[in-house]
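> In case you want the letters, here they are:
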Amino acid sequence: MRRRPGIGGLQTAAAARDQYRLLGENVAKIRTDLMKEQLTTFRTQLEDFARKHKNDIRKNPAFRSQFHDMCSKVGVDPLASNKGFWAELLGIGDFYYELGVQIVDICLATRPHNGGLINLQELCNLLRQRRKSDREAVSEDDCLRAISKLKVLGNGFEVISVGKRKLVRSVPTELNKDHNEILELAQAQGFVTVAEVERRLSWTTGRAIDAFDTLLDEGLAMIDDGHRDGIRRYWFPCVSSISTAVGADT
Amino acid sequence: MQKLGDFKLPQFFNYPPYFTLQPVRDTREKQVQLWKELILDYCRTQKIFVIGLEEEFPLFSNPAIERSLSHEAREAFLSALVSEGRAEWLDKRHRKCLILWHRIQEWANIILNFVKENGLEDSVMTVEEIRSGIESRGTELHGIDRTILMRALKLLEQKGKLAIFKGTTADDEGVKFSI
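Here the protein sequences come in this chain order: W and E.
Using my numbering, read the first sequence as starting at 1 and increasing by one per residue.
Using my numbering, read the second sequence as starting at 251 and increasing by one per residue.
Calculated from the structure, these hints are not laboratory results.
Note that the structure is a prediction, hence the values are computed from the model and not measured.
Do not take every clue at face value.
To be verified - Partner residues are not named here, just some residues of chain E that face chain W (Cβ under 10 Å, in silico):
no.: 1; residue: Phe262
no.: 2; residue: Tyr265
no.: 3; residue: Pro266
no.: 4; residue: Gln272
no.: 5; residue: Leu284
no.: 6; residue: Leu319
no.: 7; residue: Ser320
no.: 8; residue: Ala330
no.: 9; residue: Ser333
Stated by the list, open to error - Pair by pair, the computed Cβ-Cβ distance ranges are:
no.: 10; chain 1: W; residue 1: Glu174; chain 2: E; residue 2: Lys404; range: 30 to 38 Å
no.: 11; chain 1: W; residue 1: Gln121; chain 2: E; residue 2: Ile429; range: 56 to 64 Å
no.: 12; chain 1: W; residue 1: Glu140; chain 2: E; residue 2: Leu405; range: 41 to 49 Å
no.: 13; chain 1: W; residue 1: Gly163; chain 2: E; residue 2: His344; range: 55 to 63 Å
no.: 14; chain 1: E; residue 1: Gly335; chain 2: W; residue 2: Gln189; range: 52 to 60 Å
no.: 15; chain 1: E; residue 1: Ser373; chain 2: W; residue 2: Asn125; range: 33 to 41 Å
no.: 16; chain 1: E; residue 1: Ser373; chain 2: W; residue 2: Arg111; range: 51 to 59 Å
no.: 17; chain 1: E; residue 1: Glu423; chain 2: W; residue 2: Arg232; range: 34 to 42 Å
no.: 18; chain 1: E; residue 1: Leu405; chain 2: W; residue 2: Gln189; range: 46 to 54 Å
no.: 19; chain 1: W; residue 1: Arg130; chain 2: E; residue 2: Leu405; range: 26 to 34 Å
no.: 20; chain 1: W; residue 1: Lys59; chain 2: E; residue 2: Gly335; range: 36 to 44 Å
no.: 21; chain 1: W; residue 1: Arg232; chain 2: E; residue 2: Phe415; range: 38 to 46 Å
no.: 22; chain 1: W; residue 1: Leu39; chain 2: E; residue 2: Lys258; range: 53 to 61 Å
Every residue gets a Cβ at the ideal spot worked out from N, C-alpha and C, and that includes glycine.
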């Protein structure tokens, strides 16, 4: 199109711009439509898949976890509502609801011992012991999903990472960085001493004792003066499993 | 699970901090509760009636984790039992403690049932026979501590269920039931 000077030329240029813009919008719309169609197809296929593999999803934790991953990629949350296609088809809503209730129970029951902080592994173990008679196996991934649903209900549940472990918190206690570092140190043997904290973290005695005092007050730590070396040890029930504290089995 | 003889020890017994008196109130309460239950359970199943604080009582230490209860801790836990009416100090210095895994009233009821089940409503027995005679075998009364037995009998005497009379020696104190 030849550019022509003058008002006519400006009008032509404006018209051209408009046309390009319309074309651009159309292209975008077509792309979006295509994508929506693809997603719909994908979702339908996912539903078919879920129907076919319903039993595997229920019984196999690893399979279940991968299924969840697939769902989130497509923007589907089988747990979003307890009603609706997914929950009815798979009964998964009930499964996680039930898990959630059992998790709350276990956290309440162990709170006097561990102050409201329990390590994920122990929580799962206790959960499995409780569900021994159930056909459906439970994985740590399942626990995490159930807990994330609990969070939505505002139960104050939170999963925090300390070092290599995940801890489930069921009380409003906020742990600051100092507390976290102590917990991380404690993971090695289940306890720490003031000297160890001073040495490994380069803290002053005052800072260490402050942190320990808070942890004691919150019920997250217990003192132990019984070692023959006479040095006080601070034990943290949440980083050890009570049933394996000294190799004793249940 | 670790055992003392055939008694199953609870898991807290293997966790070192429980052998140190905890300073934080809520934690201490939980600790005391656990120890109270353990002591009562153990005494009930092993038929132990008296604990001497300075003696080697199996629950006071756990060699597997190299921990022992201090004297202060032992006294704290037993005092808690005393406050609950589940134990009594036998001396002012708190060296010996009588453990009432059945309260005196419960023992009294056990004696009443024992009498009824053996058709002894109007008969006479020595105190020693009650705790070691043939009829007592297999019952909770067998081997019962004499002090506890006498207290239960006196309680029943006050209610007019029996009369205690002295024999020629302390060994044949007798009881006439009138239930």
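> A separate judgement is required for each hint: does it hold in the structure or not?
Cross-check of the supplied hints:
The criterion of a C-beta within 10 Å of any C-beta in chain W is met by Phe262/E, whose closest approach is roughly 7 Å, and the hint holds. Contact between Tyr265/E and chain W, as hinted, is supported at the beta carbon level, the nearest pair being about 5 Å apart and thus within 10 Å. For Pro266/E, the suggested interface contact is upheld, since its CB lies about 5 Å from the closest CB of chain W, less than 10 Å. Look at Gln272/E: its Cβ gets to within about 6 Å of chain W, closer than 10 Å, so that hint holds up.
Against a cut-off of 10 Å between C-beta atoms, the interface hint on Leu284/E holds, since the closest Cβ of chain W lies about 9 Å away. Taking 10 Å as the C-beta cut-off, the interface hint given for Leu319/E holds, the closest approach to chain W being about 9 Å. With 10 Å as the threshold, the beta carbon of Ser320/E comes within range of chain W, its nearest partner Cβ sitting at about 8 Å, so the hint holds. Hint on Ala330/E is violated. Least Cβ distance to chain W is approximately 16 Å, over the 10 Å limit.
Because the beta carbon of Ser333/E sits about 20 Å from the nearest beta carbon in chain W, more than 10 Å, this interface hint is broken. Checking the proposed 30 to 38 Å range against Glu174/W and Lys404/E shows it is violated: the Cβ atoms sit about 59 Å from each other. Range check, Gln121/W to Ile429/E: about 59 Å between beta-carbon atoms, so the 56 to 64 Å window is met. The beta-carbon spacing between Glu140/W and Leu405/E, approximately 57 Å, falls outside the hinted interval of 41 to 49 Å.
In this structure the hint that Gly163/W and His344/E lie 55 to 63 Å apart at CB is violated, the actual value being about 45 Å. Here the CB-CB span from Gly335/E to Gln189/W is close to 41 Å, at odds with the stated 52 to 60 Å. Evaluation of the 33 to 41 Å hint for Ser373/E and Asn125/W yields a failure: the beta carbon distance comes to about 58 Å. Taken as a hint, the range 51 to 59 Å holds for the pair Ser373/E and Arg111/W, whose Cβ atoms sit roughly 55 Å apart.
Judged by the Cβ atoms, the range 34 to 42 Å given for Glu423/E and Arg232/W is violated: they are separated by roughly 53 Å. Take Leu405/E and Gln189/W: their Cβ atoms lie about 53 Å apart, and the range 46 to 54 Å holds. The hint said 26 to 34 Å for the Cβ distance between Arg130/W and Leu405/E, and at roughly 44 Å that hint is violated. The hinted window of 36 to 44 Å between Lys59/W and Gly335/E is violated, with their beta carbons roughly 53 Å apart.
Distance hint check: the CB atoms of Arg232/W and Phe415/E are about 59 Å apart, inconsistent with the given range 38 to 46 Å. Our hint of 53 to 61 Å for Leu39/W and Lys258/E holds, since their Cβ atoms are close to 58 Å apart.
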